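So the sequences go chain by chain: X and D.
In case it helps, the working numbering puts the first sequence at residues 3 to 680.
In case it helps, the working numbering puts the second sequence at residues -19 to 484.
Hint data in this document are derived by calculation from the structure and do not stem from the laboratory.
It is possible that part of the hints are untrue.
Said to hold, decoys possible - Short, incomplete list of chain D residues facing chain X, as computed with Cβ under 7 Å:
#	residue
1	Pro89
2	Ala129
3	Leu336
4	Glu337
5	Ala344
6	Phe345
7	Val347
8	His356
Unchecked claim - With a Cα cut of at most 20 Å, we get these calculated EDC-like pairs of lysine to aspartate or glutamate:
#	chain 1	residue 1	chain 2	residue 2
9	X	Lys372	D	Asp259
10	X	Lys13	X	Asp27
11	X	Lys372	D	Asp260
12	D	Lys332	X	Asp454
Owing to the predicted nature of the structure, the values given are computational and were not obtained by experimental measurement.
Virtual Cβ for every residue (Gly too), placed ideally from N, Cα, C.
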Amino acid sequence: MNTLVEIDQLKTVLHASDEPIRAVDGLSLKIASGETFALLGESGCGKSMTALSIMRLLPDVGEIISGQIRIKGIDLLQLPEFAMRRIRGKRISMIFQEPMLSLNPVMTIAEQIHEVLSQHSQLSHSSAQQRIVELLEQVGISDAEHRMHEYPFQFSGGMKQRAMIAIALAGEPELLIADEPTTALDVTIQAQVLDLLRQIQQRNHMAILLITHDLGVVAEMAQQVGVMYAGEIVEMASREDFFNHPAHPYTQQLFASLPEKHKRNHALAVIQGTVPSLAQIFVGCRFADRCQQAMAVCHEHIPRWSLITDGHQVRCHLYDSKNQHAERSAVINDSIIFGAPDKNTDIEPITAVSPLLRVTDLKVHFPIRKGFFKRIVGHVRAVDGVSLQISAGKTLALVGESGCGKTTIGKSILQLIQPTAGSILFKNRELISLSRSQLQKIRSQFQIIFQDPFSSLNPRMRVRETLLEGMNALCVNQLSDTHNEQEIDLLLQRVGLPIEVKWRFPHEFSGGQRQRIAIARALAVNPELLICDEPTSALDVSVQAQILNLLKSLQSSLGITFLFITHNIAVVEYLADEVAVMYLGRIVEQGQVDEIMDTPKHPYTQALLSSVPKIKQDRNHPLIRLKGDLPSPAAPPSGCHFHPRCPKAMPICREQYPAVSTFSNTHTSHCFLYSQES
Amino acid sequence: MPFDLVLLWTDALIYLFVLMILIGMGYVRRHPHLLASWKRVGHSASGMSSLTILLFFLLIGFLDTIHFRPALESNNSQSEPIYSVDVLSALDILVTPLRTQVEKTYSAPLATHLYAKETIELPDGQQMRTFARLQYGGAHLQHPETEHATDVWVRSLQGAGYGFAVWCLLLIALTAALSKQYECSFKQSFGLVWQRTSETPWYAILITLLILLLLVGCVSALIGYYHVLGTDKVGQDVLYQSLKSIRVALVIGTLTTLIMLPFALLLGIMAGYFRGWIDDVIQYVYTTLNSIPGVLLIAAAVLMMQVYIETHPDIFDTTAARADLRLLFLCIILGITSWTGLCRLLRGEAMKLRELEYIQAAHAFGVSHWRIITRHILPNVMHLVLIAIVMDFSSLVLAEAVLSYVGVGVDPSMISFGTMINAARLEMAREPMVWWALLAAFIFMLALVLSANLFADAVQHALDPRTRTLRHSNRLKHRPHQSGKNAVPVTIETNTVAKTNHRI
Chain X
3 MNTLVEIDQL KTVLHASDEP IRAVDGLSLK IASGETFALL GESGCGKSMT ALSIMRLLPD
63 VGEIISGQIR IKGIDLLQLP EFAMRRIRGK RISMIFQEPM LSLNPVMTIA EQIHEVLSQH
123 SQLSHSSAQQ RIVELLEQVG ISDAEHRMHE YPFQFSGGMK QRAMIAIALA GEPELLIADE
183 PTTALDVTIQ AQVLDLLRQI QQRNHMAILL ITHDLGVVAE MAQQVGVMYA GEIVEMASRE
243 DFFNHPAHPY TQQLFASLPE KHKRNHALAV IQGTVPSLAQ IFVGCRFADR CQQAMAVCHE
303 HIPRWSLITD GHQVRCHLYD SKNQHAERSA VINDSIIFGA PDKNTDIEPI TAVSPLLRVT
363 DLKVHFPIRK GFFKRIVGHV RAVDGVSLQI SAGKTLALVG ESGCGKTTIG KSILQLIQPT
423 AGSILFKNRE LISLSRSQLQ KIRSQFQIIF QDPFSSLNPR MRVRETLLEG MNALCVNQLS
483 DTHNEQEIDL LLQRVGLPIE VKWRFPHEFS GGQRQRIAIA RALAVNPELL ICDEPTSALD
543 VSVQAQILNL LKSLQSSLGI TFLFITHNIA VVEYLADEVA VMYLGRIVEQ GQVDEIMDTP
603 KHPYTQALLS SVPKIKQDRN HPLIRLKGDL PSPAAPPSGC HFHPRCPKAM PICREQYPAV
663 STFSNTHTSH CFLYSQES
Chain D
-19 MPFDLVLLWT DALIYLFVLM ILIGMGYVRR HPHLLASWKR VGHSASGMSS LTILLFFLLI
41 GFLDTIHFRP ALESNNSQSE PIYSVDVLSA LDILVTPLRT QVEKTYSAPL ATHLYAKETI
101 ELPDGQQMRT FARLQYGGAH LQHPETEHAT DVWVRSLQGA GYGFAVWCLL LIALTAALSK
161 QYECSFKQSF GLVWQRTSET PWYAILITLL ILLLLVGCVS ALIGYYHVLG TDKVGQDVLY
221 QSLKSIRVAL VIGTLTTLIM LPFALLLGIM AGYFRGWIDD VIQYVYTTLN SIPGVLLIAA
281 AVLMMQVYIE THPDIFDTTA ARADLRLLFL CIILGITSWT GLCRLLRGEA MKLRELEYIQ
341 AAHAFGVSHW RIITRHILPN VMHLVLIAIV MDFSSLVLAE AVLSYVGVGV DPSMISFGTM
401 INAARLEMAR EPMVWWALLA AFIFMLALVL SANLFADAVQ HALDPRTRTL RHSNRLKHRP
461 HQSGKNAVPV TIETNTVAKT NHRI
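Throw the hints in and build the complete structure from the sequences for me.
Shown next as structure tokens:
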């Protein structure tokens, strides 16, 4: 194995204020050519700063204070800027997280690729054009000759990331730095992009430094894994060692906090506390304060690298030779069982109780207007005939890719969006025909939690006013101020926040804490139905575990019903009782969580489940890669909406929409592969 | 009574405005969390220095607002006192020498002779063309050629000395007050002020005050004997004109804004928030209003007003009342025509905000539209409003100058920066050039607008909760470029929370 890149004791600081922040603090790693090295870590641990240090593209406040970055023996940090410009794009290139933001919207794709080509090679115009077509074909863009002259807005999200990869490949780099390349993409598109990266790597024998927070992506892509925590690498191993015997307590706790199916009846393990401030000088292990196995020595001495097996190193005192006899068994604390008896055993017959919420044939169409008189020229069929029902105290997960209408359903149940047709029965009461004042009276019974905790709280209102708003508006309790204060204190305790926080503004909190405040706001009016619109997708894994635990304990103590909108299959497996899979405004499959996860019937469900990057490599079902993107809901395909992407499409799929096929009392699907009910 | 108080329309509005500010201050004092954020304005050095200067201007403007008519000495003391037709203000009395010492024509700052040669008759009957001595400026000097410079220096140093003495008194009073407040020794609180350890930047205020008092001392020592900023074409003191212009500028700046704000805020936010036909109607209104040339509209309205004033002379007992009504009307018209820019800005911002999730959450609670607008949208667009108001302030003062140039601005009898700048147009083209009138207007306007800008900046910074953490957490923030996932790193929380803890 010939080493391509070698980083030695890299230290990067940010001079954002009085005390420097040691964003990267003594990082060393080696990447062999043709290898994928995954740098794993939560947000704020210095992953991206490492990438930017390698490219020498740090922000103005950033400074590399020591260390070496060698690519085939050349120390990048010694090079003058003009020489560095010949390295960037030619030997090292980079792709970013947000494809929408990294492409210039006023330049065509061809122009943007040409920029790189003209910088690094003297090609004539025609051969440059030829090369651009080649590059775009290489990243799987069909009809490249025509599409290269299009602008980024004409490309879909996945296509943009492909174009971004094409730009990165234009200089034929030896090292590709991929900074969260698929975080902004849907699972099926993510699977495509990861596939593409693997193919290109094999073809070009290129090294990839993959920066990610997703253990699943690491498992699919990496040969070597480095776990970063608070500015340094704490564990380095090959993929097999890493997933089979994670050594560092942080890594172990990270695995334990992943939601999985077999943890359904347990609380997820939570890493206590928060990442320490990087402005301080550490005297002991950086993880010691949050570590469940911390010893006295951890607070006093900085741990050195310990070799466990060949190529598996860890920075932890537990593996010091003199501490060999110390207890090393991983004590992962996931044994807290909820008070309620095992839920799976007492499934009540669903027909017995009338459901809390029954949605029948719900349609939400947004008109497309054009011209001077705003004539309606068409409709975006965001939700096109959806029926579902939730029993009290249960969790229904609504799963699908972005743009399939999940959020629209949530908002139209709350009457935030006026449905076009259909009926929404809440406790046998029709919501759609209600007037604003009638609706006002029952609004307290259903509430919503949003995805982005940073935009869901008014930055100008203190936590107290945020919580009071709902109480006052819905007149839940027209009682004295002191009673309100007690109520607020109770709510904050219930979501696990100290009482004093009610006097603070939302910006003083981290993402997880903000999400707790948002949950408290919804709980303030004692709702029976809580619509959770991707409440954890903007959070780190360890924070996600905290929020999921909170939601689960709220359900068991207050008996709240959840409509859980998500694209994260692992969360569904952990939390949901029933699952409905949506595709382009319609539900294609519906059933109990085990039925859907174990025996998915609809080809889309099968593809969706197989696209999810999994940590355990043992797959029961073969990989199904979907081609293409989600079609526009303004012009859905004829017949079954899924047929253009379906691997099992038949002629009849193009002509008419399939009727219901029933597999069990609870499990239904819409597909011609199964016997149809008339 | 030796005088008769006169309440002009704009005076009444200014009193009302001051009353509103006082009520607002009282409201803030009663709410600790509002008080805490306003106190932060007091912690910004630039904000407090500019507030000092701004208060000085406001004081002059306020003194100039107290109008009255002095009683004329009547022959028969029994009958009703007869009041002068001239309306004077408290400021006029304070700077009487400036008002009364009128020269023949132009004279340079601190000059002893006129700026233009003229033919004078010598005592022996001969005629001579020379620079005549001024009637007041340096009149006390026997030999101006030799004594002039020393006299000016001595007097200004004397004045500066008085200014410094006043400042020392203030310093002692402040230190004594501080030592009483913090219950520490006089020396300790003196150190508190100058070692910049106190939360309020007293040193900045004191330095600004020192400069201000030295200037005021110099000028007040000189005004009895010289024209510090020269005289204009009809021999009126330019310093007096500048001081009188301050009130007009403040009135135009604040009243116009007050008139424009309700339109801009309400219509802009309504258009952005409700969309649909409300948006269409509001958009058509402001697009139409915008496409009419502003100057024409204002000219038409002012001329109509002028005709009305001239045909009804009986309703105004003084020229000042006439001029004042015209000023008020100008403010109203400027206000009605200038809300479109801010309105459009707010419409865009409201359109952005209405899609945000906290507004959606408020909808889910069934919060009323009015409450959403006032509680959620308005506070989040206030920074735009504040910036727009301060930016408009200078452009409104300039708009007044432009309108005065066309002849539809303030009444010709009223002194304003606009009329001064207009006069300067001819003076700059003259040979030799008369530069001081324009310079005086420039310096005063610059000081006023700059201090207003800096103060607004400090206010905006202190009231926006987000900018505050940015400043606090900068040292803890390690990924400033981070865009997607978690815009605020987790590490911030413990530290900022701890910090705000002992602050509140």
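How the hints compare with the structure:
1. For the restraint placing proline 89(D) at the interface with chain X, the shortest Cβ-Cβ distance is roughly 47 Å, beyond the 7 Å limit, so the hint is violated.
2. Contact between alanine 129(D) and chain X, as hinted, is not supported at the beta carbon level, the nearest pair being about 51 Å apart and thus beyond 7 Å.
3. This hint holds: leucine 336(D) has a C-beta 5 Å from the nearest C-beta of chain X, less than the 7 Å allowed.
4. Given hint, glutamate 337(D) at the interface with chain X, holds; its Cβ is 4 Å from that chain's nearest Cβ, closer than 7 Å.
5. Hint status for alanine 344(D) relative to chain X: holds, with the closest Cβ pair at about 5 Å, below 7 Å.
6. Checking phenylalanine 345(D) against chain X by beta carbon gives a least distance of about 4 Å; that is within 7 Å, so the hint holds.
7. Hint status for valine 347(D) relative to chain X: holds, with the closest Cβ pair at about 4 Å, below 7 Å.
8. Annotation: histidine 356(D) was flagged as interfacial toward chain X, and the flag holds, the nearest CB pair being 5 Å apart, inside 7 Å.
9. Taken as a hint, the lysine 372(X) and aspartate 259(D) pair is honoured in the structure, with Cα atoms around 17 Å apart against an allowance of 20 Å.
10. Proposed proximity of lysine 13(X) and aspartate 27(X) is supported: the alpha carbons are some 5 Å apart, at most 20 Å.
11. The straight-line distance between the Cα atoms of lysine 372(X) and aspartate 260(D) is roughly 15 Å, inside the 20 Å bound, and the hint therefore holds.
12. Simply put, lysine 332(D) and aspartate 454(X) have alpha-carbon atoms about 15 Å apart, close enough for the 20 Å limit, and the pair holds.
Checked against the numbered hints above, the structure breaks hints 1, 2 and satisfies the rest.
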